[in-house]
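Participant: Residue-level listing of the chains:
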Amino acid sequence: MKIDSRLPSGPIETAWDRTKFEMKLVNPSNRGKRTIIIVGTGLAGASAAASLGELGYNVLSFCYQDSPRRAHSIAAQGGINAAKNYRNDGDSIFRLFYDTVKGGDFRAREANVYRLAQLSNNIIDQCTAQGVPFAREYDGLLDTRSFGGAQVSRTFYSRGQTGQQLLLGAYSALMRQVKAGTVRIFSRTEMLDLVIVNGVARGIVVRNMITGKIFSVAGDAVILCTGGYANTFYLSTNAKGSNGSACWRAYKRGAGFANPCYTQIHPTCIPVTGEHQSKLTLMSESLRNDGRIWVPKKKGDRRPANEIPEEDRDYYLERKYPTFGNLVPRDVASRNAKQVCDEGRGVGESGLGVNLDFRDSIKRFGVQLIKERYGNLFEMYEKITAEDGYKVPMRIYPAAHYVMGGLWVDYHLMSSIPGLFVGGEANFSDHGANRLGASALMQGLCDGYFVLPATVPHYLSTSSLPNISDDSKEFKEAVGEAESRIKRLMNINGKRTADSFHRELGKLLWNYCGMARNEAGLKKALEAIPALREEFWQNVKVPGDSEDLNQSLEKVNRVADFMEVAELIVNDALERKESCGAHFREESRTEEGEAKRDDANFSHAAVWEFAGDNKKPIRNIEPLSFQYVKPQQRSYK
Amino acid sequence: MMNRLFEIINSSIGRKVIMAITGIVVVGFLLGHMTGNLLVFKGPDAINHYAEFLQSKPLLIWTNRIVLLVSLILHIWAATTLTLDAWNARPVPYASSQRILETTYAARTMRWGGPIIALYVIYHLLHFTVGRVGPQHFEGDVYMNIVTGFRIPYIAGFYIICMLAIGFHLYHGIWSFFQTLGANHPLYNPLRRIIAVAIALTITAGFISVPLGVIFRVIGGDIP
Amino acid sequence: MSEKGMKLNLKIWRQKSSKDKGGFVDYKVENISPNMSFLEMLDVLNEKIILEGGEPIAFDNDCREGICGMCGLYINGRPHGPQSGTTTCQLHMRSFRDGELITIEPWRCGAFPIVKDLIVDRSALDKIIMAGGFISVSTGAAPEANTIPVPRDDSGNSMDAAQCIGCGACIAACPNASAMLFTAAKISHLGLLPQGQPERKKRALSMVKAMDDAGFGGCTNHGECEAACPKNVSTKFIARMNRDYISAGLTEEPEKE
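Chains as they are written, first to last, in the numbering used here: chain D, 1 to 637; chain P, 1001 to 1224; chain Y, 2001 to 2257.
The shape of chain D in the complex, shown without the other chains (with noise of 0.2 Å):
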C-alpha cells in the first residue's frame, strides 16, 4: 500500500492557504454534473452535504436513520473548542494545536491539527450565523468555558446540548439545499459495500431499511463520514445503530484502517446495572470539576457511602496526581477506575462503580450554586438510577466512547482509495492517540464545512472520471456480492441472537483490549474473537424477511462486521507495545506505573491493509515528525 500523505511543506502557518491556492477548481457551470456520495448525516457529513451543495454539486446523502437530524453527534454535550481568544487568557491558534497535539499524546499530524486550529474560529462563526444559539454572557458576546483540564477558556456551549444544536444548524444547512435541489436525502438507507471501478471509489452499494431493497448508487467521488466502531465494545455511549460497517466494507476494498487500537474510554458513566443493559449514558466530564473521586480504603467495604468515614476512604486521584487531581485527562481517570474496581474497592451493586462525591462542594458552595451549574446531569442522573447525586454520590465508571482510529486518509481526506473521502470521527486523523474534550465537534465540522469541499473539488477536476452507470459490471458484482452476503445470514437459522454474540464480543474486547492491554490479554483475545465468529456464522439466528423492515437482520449485519472489526482492533493494539494516550500496554509503563510512550519505535500510525479473509492483515507506517510540538512524556503528577 502506498502511504502518501500529501502533507504540505513550507510553515505550517501559511499551509493550508498555500495548499487551497494550488488546488484546482471546478468551473461552476460543470458542478452539477459531479455527482458526490455522502454516507452518514452527522456534524461532518451533513455539513459536508450541505457545503459540496451549496456549491453547486450533486449530492446524494446517505443515513441510516429516519431524518438526518438525528446522528449521533446529537448526543454530544460538552463543547465545541476554539481558538478565538475572546477571553484574552492567552490562547492562540497555535496554542490550540499546541495542546491538541500534546493531547493526543504525539500521535497526530502536526499540519492537519494545525489546520484544525485555524479553521476552528470559521466554525464558530458559521455555527453563529446559521442560528445556534451558544450560551451568552449579559453583554450579548459569546461565553466560553474552560472544558476537560485545559488552562485557557475556549470551549464554545449550548447548555449541555452543544452537539445537538450544532448538529440542528448543519441538519439545517442540508435541508436548505434539498429545497434547493442540490441535495437528495435516502434515509432509513444503509451502505452495505464500496463500489471500485479502475482503481477508484465510484459508488456504494445500499439497502433500503423498509423494503430491504438492496440497490447501487454511481457517484464521482464517495464520502464516509459515518463516525466511529466503538459500538464494537457493545456497550458503549454510542447510538444503538451505530457502527462500522461502511469504513469496514472500504477498509476490506482496499482503504488502509489506522490505529484502530485507540478507543477511548470516557470515565464519567453511569455504571452497568445488569445484564440487559443495552448502552451507557455518558455524563459530561466538567463534574469532576467540583466532584471528588473515591472508594472505600478496605476491600469489599459495602457499608453506605454516608456511613464510610473520611479516613475510611480513598481519594485515590487526588492521593496519586496531587497537581491535577480530579481533573487528570480521560484516559489516566478511566485506567484508575478500572485499577480499584479490580482490586476489589468498587461500590455499587456489581462493584464496577466508584462514587463522585458533591458533598464537600456543597458544603462549599451551596447547594445553589451546584444545581446551575450541573443540575440537568443531576437531574439525568436521578432519572436513570433513581438516585438523588446531591444526597448521596453519584456512581460512575468509564465507558467506551470514541475512536480515534479510523481509515487512514491524507492531508485531503482522502484514504488510500482514490475518490474514497473520509470526514468526522469515521477517520483517523487530528486527534493522535486521545481525544482532548470538546475536540469532536471541533473536527467534524472542521472536516465537513471546510476541508472536503475544498480538496473534493479538487480530486475532481484532476482526475479522468469517465461516465458511468450503476449498471456496470462492478456494480452488478457488488449488489450480487451483498445480496448473497444477505441470504447466507438469513440462512444460518441457528439458535443464538445478533445481541447474544455482540454482547459476548464486548466483554472479551473491554476484558482484554479495554483500558489496559497487556501481550497475554490480547493473544488470548485473538484466540477467541475468531472462534466466536465461526460460531457466529453457524449458529446465528435471524427472524423474519430479508425484503422487510427488519431489525434483526440490519444488527446481525453490523456485527458480522464488529467480529471482524474487534480482531483488527486487538492485532493493533498488540503490536503497538508502548503505551500511548488510551492505549495502555501495561508492558510499557515508567517507574511509577504511569504510561511510557516508546517514540524510538512507535512514533508512527499503523496503517493496516487488508490481505484477505482469514490472512493477517499487513501493517503499513506512516512516520510522524515533529517540528513545531517537541515530544514530552505526558505527566499529571
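Source of the hints: derived by calculation from the structure; they are not laboratory data.
All C-beta atoms, glycine included, are put in the ideal place defined by N, C-alpha and C.
Cross-link-like lysine-lysine pairs, in silico, DSS-like; alpha carbons within 30 Å at most:
| id | chain 1 | residue 1 | chain 2 | residue 2 |
| --- | --- | --- | --- | --- |
| 1 | Y | Lys-2127 | D | Lys-33 |
| 2 | D | Lys-383 | D | Lys-507 |
| 3 | D | Lys-487 | Y | Lys-2016 |
What the simulated footprint calls covered on chain Y by chain D, stretch by stretch (three residues with Cβ under 8 Å from a Cβ of chain D suffice, anywhere in the stretch; the number is not a length):
| id | segment |
| --- | --- |
| 4 | 2054 to 2060 |
| 5 | 2066 to 2077 |
| 6 | 2081 to 2095 |
| 7 | 2111 to 2122 |
| 8 | 2139 to 2146 |
| 9 | 2193 to 2199 |
Listed below are several chain Y residues computed to face chain P (Cβ distance under 10 Å; list not exhaustive):
| id | residue |
| --- | --- |
| 10 | Ala-2172 |
| 11 | Asp-2244 |
| 12 | Ile-2246 |
Following the hints, complete the assembly by docking chains P and Y onto the known chain D.
Facilitator: Chains P and Y in isolation, oriented as in the chain D frame:
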C-alpha cells in the same frame, strides 16, 4: 394580493384568528345583551322601554344583527373546517384512552359545546324574538314574555344549563383569544386566565340571574 | 416485588406494513428489573420472541439517551409514558407496578403513516424544516461571530425552543394531531435571534404552509403538547408563531412571479 390574503385566512392559523376575532365580537354583543337583560330587575317599564328604543332604531339593530350573523357564520365555518381537519389528521384513533395532562373540561367541550349553543340560539330566537315556541307570546311585552317563559321550570332549567355551557365555551374561547393572537408574555400571562374567568363568569351570572329571578319571584312576583 | 423481578402484561400494536390493518397482541414478560429502561424491557421481550421463532417487535430507537428523538411509543395513553419530561428510552421500569398491564401503540397521526409495528414515518417533519427552518447563510459567508451581540435572554429563549428533538410527541399527544409546537419551536428558535430576522416573515409563512400541507390538525389550545414534550418546550412559542404569522401575512409582500 387577494389570493394571498385568502390563503392566509384559510390557513390553520388564519382560521383560528377568524375564530378569535369573531368570538370576541360575539362576546361584546353578549355583554351588551346581558346588561340590557338586567333591566328586567328594574321592572316592566325599564326593559320594555329599552326594547322599544331598540326597535325604533332599525339601522342600529340591523347593523348589529348583520355583524353578529356574519361573525357567527365565520365562527362556525372556521370551527367546522378546523374540526374536520383535526379528524382527518388522526384517521385511526388510539385504542387506549388518552391520559389527560393539561387540557381543561372547558377546552375539551368546545367542539360539542359549539353546536349545542347554536341549537340553543335557534330555540332562543324562536322563543323570544319570533315567539313560535314556548308559552303564549306577548308581542312587544318583553317583561311578560320573560316572566311567563321562565316560570315554566323546564324552560328555566334549559336556559340555565345552556348558559353554563356558554360560560365554559367563553372561558376557553377568551383564553384562547389571547394565545391565538399571540398575546403570551410572562408579565401578563396570569392576567389571561383572570380576564377569561371574569368575563365568562360575568356574562354567565348575568344571564342566569334572570331565570333565577323569575323562579324566586324577584322578577314578576306581582304577576299571578 | 419478588427477587425474580417484575412481571408485566403487555398489549402491543403489531402491523406488518403500512398496508396491513394491524391489531393488538398480548405478551407477558417476567424477571424485569426495575432498573431496566423501557426499551431494554422490549429488548428482553424481543430476544424471547426471536428464540421462540417469532418475529420481534419493530420499534425506532437510536441514542437511548433522550436526545436523538428517534424513539417514541404511546404508552398507556401517553406519549413517552407516564413520566413527564422524559423520552421513552429514558423511562425506566420502576415507573410501573409489578403485574401492571401496559398498552403500547405507535404515534397516531395521518401525516405519520405506520411503517411497521410501532415505527411511523415522520418525514413530514423534515418537510416542514425544509420549507424554511434555516438561515440562508452559505459556508464561508459568515461574519465574525461576535459582530452581532445577542441579548442573553433572547439567546436563552431561543435555546428553550431549539431544544426540540423532533420526536413528534407533541403531535401524538394533541387531540387534533397538530404539529404547531414543533413548527413554532423552530420558527421561534430562529426568530428570536438577530441572525434569523432577514427571513423571519418568509419563514413563518412557508413553514406554516408546509405544516398545513402535510395534513396536521390545527391548534385548539389544550396544552397537551407541552405536557407531553420530553424537552418541555412551551406553548408560548405557538403564540409567538401566531404573532409572526399574522404580521407576516399582513405585511410581507407577495413573491413576484
